[in-house]
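Undergrad: Position chain P relative to chain B; hints supplied.
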Amino acid sequence: MNLAITITKKEIKSYFSSPSAYIVLVIFLLLSGWFFASPLFINNQANLRTLFGIIPLLYLFFIPAITMGLISREKNNGTMELLATLPIKNSQIIMGKFWASIILIGVGLLLTLIHFITIMMLGTNIDFGAIFCGYIGLLFMGAVYSSIGIFASSITSNQIVSLIISFFIIFFFFIIRFFLFFVPDFMVGIFQFISIDYHFSNISRGVIDTRNIIYFVSLIVLFLKLAQISLENRNWK
Amino acid sequence: MIRIQNLTKDYGLVRAVNHVNFEINEGEILGFLGPNGAGKTTTLRMITCFLSPTSGSIEVENMNIKNKQLEIKRLIGYLPEHNPLYVDMTVYDYLKFIADIRKIPNFGHRIKEVIKQCGLNGVVHKSINTLSKGYKQRVGFAQAILHDPKILILDEPTSGLDPNQIVEIRELIKELGKKKTLIISSHILQEVQAVCDRIVIINEGKIVADGSTEELQSAFNNKTKLKLELIANKDEITAIVDNIKEIALLSISPLREKTFSVEIEFDSTNDKRAEIFNFIKSKEWTLLEMYRENVSLEAVFRNLTIEGGKR
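Protein chains in written order, with this note's numbering: chain B, 1 to 237; chain P, 1 to 311.
Same shape as in the complex, but just chain B:
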């Protein structure tokens, strides 16, 4: 069995053996449910656009919370020494933890399918393609944020510091679209390309473009690689 999967299994067990994962999931569902349901009858449209609008905002808090401890806790408890002296590569440790956070995000998203069932029962002419793509986009966005969270977790042994760092890096990618109005024309293209929302809205419209996928995948690879480098440079200790 691949060692990364062993790590993933361990992390999943540890998520669900403590109340923290449940609390985070419940809050995620409550907030997304509230923001989805309250304007549903006012808009009178059978789509999940409000949901797809609010989840990126919830991610901003949800994902740093679930990734903050992944590596920093191991450093703090000293179990990093244990893990680092077992015959496992740093890349496998990182990947294992990355998949664990993706699975937890997946569980969160899966639970929001209840809203999908709601509109299926209420509405007609539902654009299944757009909803499917929206979920794919959310998953990719979650994966990018997770890789940022894991990177932040790898550079400190303090969970709170990790939370704050990952929050600000994610916030940067999230907020950058609001600066489009203020930047000179020739920079708009660059800012737009950096903005995660631009790529997400492309996908959630129902178009899966390679450019968007490349954007997501390259960010994921970048931050996971940075996390791996930070694990390899243990000399600070």
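What the hints contain is simulated information worked out from the structure, not anything from laboratory work.
One thing to keep in mind: the hints can contain errors.
With a Cα cut of at most 30 Å, we get these calculated DSSO-like pairs of lysine-lysine [what the hints assert, rightly or not]:
{"hint": "1", "chain 1": "B", "residue 1": "13", "chain 2": "P", "residue 2": "103"}
{"hint": "2", "chain 1": "P", "residue 1": "150", "chain 2": "B", "residue 2": "9"}
{"hint": "3", "chain 1": "P", "residue 1": "112", "chain 2": "B", "residue 2": "89"}
{"hint": "4", "chain 1": "B", "residue 1": "9", "chain 2": "P", "residue 2": "126"}
{"hint": "5", "chain 1": "P", "residue 1": "179", "chain 2": "B", "residue 2": "89"}
{"hint": "6", "chain 1": "B", "residue 1": "89", "chain 2": "P", "residue 2": "96"}
{"hint": "7", "chain 1": "P", "residue 1": "112", "chain 2": "B", "residue 2": "9"}
{"hint": "8", "chain 1": "B", "residue 1": "225", "chain 2": "P", "residue 2": "66"}
{"hint": "9", "chain 1": "B", "residue 1": "13", "chain 2": "P", "residue 2": "112"}
{"hint": "10", "chain 1": "B", "residue 1": "13", "chain 2": "P", "residue 2": "133"}
{"hint": "11", "chain 1": "P", "residue 1": "112", "chain 2": "P", "residue 2": "133"}
{"hint": "12", "chain 1": "P", "residue 1": "103", "chain 2": "B", "residue 2": "225"}
{"hint": "13", "chain 1": "B", "residue 1": "9", "chain 2": "P", "residue 2": "96"}
{"hint": "14", "chain 1": "B", "residue 1": "89", "chain 2": "P", "residue 2": "150"}
{"hint": "15", "chain 1": "P", "residue 1": "68", "chain 2": "B", "residue 2": "9"}
{"hint": "16", "chain 1": "P", "residue 1": "150", "chain 2": "P", "residue 2": "103"}
{"hint": "17", "chain 1": "B", "residue 1": "9", "chain 2": "P", "residue 2": "133"}
{"hint": "18", "chain 1": "P", "residue 1": "223", "chain 2": "P", "residue 2": "206"}
{"hint": "19", "chain 1": "B", "residue 1": "89", "chain 2": "P", "residue 2": "66"}
{"hint": "20", "chain 1": "B", "residue 1": "9", "chain 2": "P", "residue 2": "103"}
{"hint": "21", "chain 1": "P", "residue 1": "103", "chain 2": "B", "residue 2": "89"}
{"hint": "22", "chain 1": "P", "residue 1": "126", "chain 2": "P", "residue 2": "112"}
{"hint": "23", "chain 1": "B", "residue 1": "89", "chain 2": "P", "residue 2": "180"}
{"hint": "24", "chain 1": "P", "residue 1": "96", "chain 2": "B", "residue 2": "13"}
{"hint": "25", "chain 1": "P", "residue 1": "227", "chain 2": "P", "residue 2": "283"}
{"hint": "26", "chain 1": "B", "residue 1": "9", "chain 2": "P", "residue 2": "136"}
{"hint": "27", "chain 1": "P", "residue 1": "116", "chain 2": "B", "residue 2": "13"}
{"hint": "28", "chain 1": "P", "residue 1": "116", "chain 2": "B", "residue 2": "9"}
{"hint": "29", "chain 1": "B", "residue 1": "225", "chain 2": "P", "residue 2": "68"}
{"hint": "30", "chain 1": "P", "residue 1": "96", "chain 2": "B", "residue 2": "225"}
{"hint": "31", "chain 1": "P", "residue 1": "136", "chain 2": "B", "residue 2": "13"}
{"hint": "32", "chain 1": "P", "residue 1": "136", "chain 2": "B", "residue 2": "89"}
{"hint": "33", "chain 1": "B", "residue 1": "13", "chain 2": "P", "residue 2": "126"}
{"hint": "34", "chain 1": "P", "residue 1": "283", "chain 2": "P", "residue 2": "272"}
TA: Using the frame of chain B, we list chain P on its own:
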């Protein structure tokens, strides 16, 4: 088996390990001794590939830690200082996790074996954070020996345990030492004296002594101290020095009326006990007690490490 050459480790401006050289042979039980902060843990962490050396080399079975880390990690079982554990797991889950990562074939059988060996039978399905410190230490041991490693490295394995647990852990170490190459770091001398074939003493990042327990004792303590308790005339006792050559009278202190405690010192190579006894007999004193004070490793250790520390 393990060859360490010119090993140096800097933490910023602080040099924790300073050009250390030593070798460990197959089947040896090596005691790695030094005061706190001497660089023991740092050295062990470099052997186990947790830290990278600033300079110098470590070879384990002719494999360099620079490029053969995974292979070396497979050979080594390591119990880190403070024994870090995943405390939210049960003992079985924890060992299963280690077995998965180490890819141990037939792990169910092996885990049972190790659980028996480490005396963990009663707590297999308990969560680790509910266990006492002694049991946690055993779980750490079980983790380290699970893959039946050729080399076992234990960083202060008995620190913080009560005397009974220390004895148990020592028994376990002796048992394991029969088949494996063992490195045990400690700042407790009796412990090292009790289990190790060879001792390396490190102080301020440098090796200050390397040899068997007996070698170290004889190299650094060539005097034997004899303690006597006898009933005699105080004024006459000093005559002992005049009558026997090459001994020194260290002290005479009265215990009770006419009973004195006397300390005598002579070269270890030149045993004077018989002569002293015969002299006492000739004087018709009553000898209540005579014993040789054990020259402990402690004295060696203090000699070697305090000089440097008081600089």
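Undergrad: Confirm or reject each hint.
TA: Against the structure, the hints come out as follows:
1. 13/B x 103/P: At roughly 20 Å apart (the allowed maximum being 30 Å), residue 103/P and residue 13/B satisfy the hint.
2. 150/P x 9/B: holds (29 Å)
3. 112/P x 89/B: holds (28 Å)
4. 9/B x 126/P: The given pair, whose Cα atoms are some 19 Å apart, holds under the 30 Å limit.
5. 179/P x 89/B: This hinted pair holds, its Cα atoms lying about 29 Å apart.
6. 89/B x 96/P: holds (19 Å)
7. 112/P x 9/B: holds (22 Å)
8. 225/B x 66/P: This hinted pair holds, its Cα atoms lying about 21 Å apart.
9. 13/B x 112/P: With Cα atoms ~23 Å apart, residue 13/B and residue 112/P stay inside 30 Å; holds.
10. 13/B x 133/P: Satisfied, since the Cα-Cα distance of roughly 24 Å is no more than 30 Å.
11. 112/P x 133/P: With Cα atoms ~21 Å apart, residue 112/P and residue 133/P stay inside 30 Å; holds.
12. 103/P x 225/B: holds (26 Å)
13. 9/B x 96/P: Between residue 9/B and residue 96/P the Cα gap is close to 12 Å, so the pair holds against 30 Å.
14. 89/B x 150/P: The hint holds at about 21 Å.
15. 68/P x 9/B: The given pair, whose Cα atoms are some 27 Å apart, holds under the 30 Å limit.
16. 150/P x 103/P: holds (16 Å)
17. 9/B x 133/P: holds (27 Å)
18. 223/P x 206/P: The given pair, whose Cα atoms are some 27 Å apart, holds under the 30 Å limit.
19. 89/B x 66/P: holds (14 Å)
20. 9/B x 103/P: With Cα atoms ~15 Å apart, residue 9/B and residue 103/P stay inside 30 Å; holds.
21. 103/P x 89/B: holds (14 Å)
22. 126/P x 112/P: holds (15 Å)
23. 89/B x 180/P: Holds. Residue 89/B to residue 180/P sits at ~26 Å (cutoff 30 Å).
24. 96/P x 13/B: holds (13 Å)
25. 227/P x 283/P: holds (18 Å)
26. 9/B x 136/P: holds (23 Å)
27. 116/P x 13/B: holds (26 Å)
28. 116/P x 9/B: holds (26 Å)
29. 225/B x 68/P: holds (21 Å)
30. 96/P x 225/B: Holds, at roughly 29 Å.
31. 136/P x 13/B: holds (21 Å)
32. 136/P x 89/B: holds (26 Å)
33. 13/B x 126/P: Satisfied, since the Cα-Cα distance of roughly 16 Å is no more than 30 Å.
34. 283/P x 272/P: holds (17 Å)
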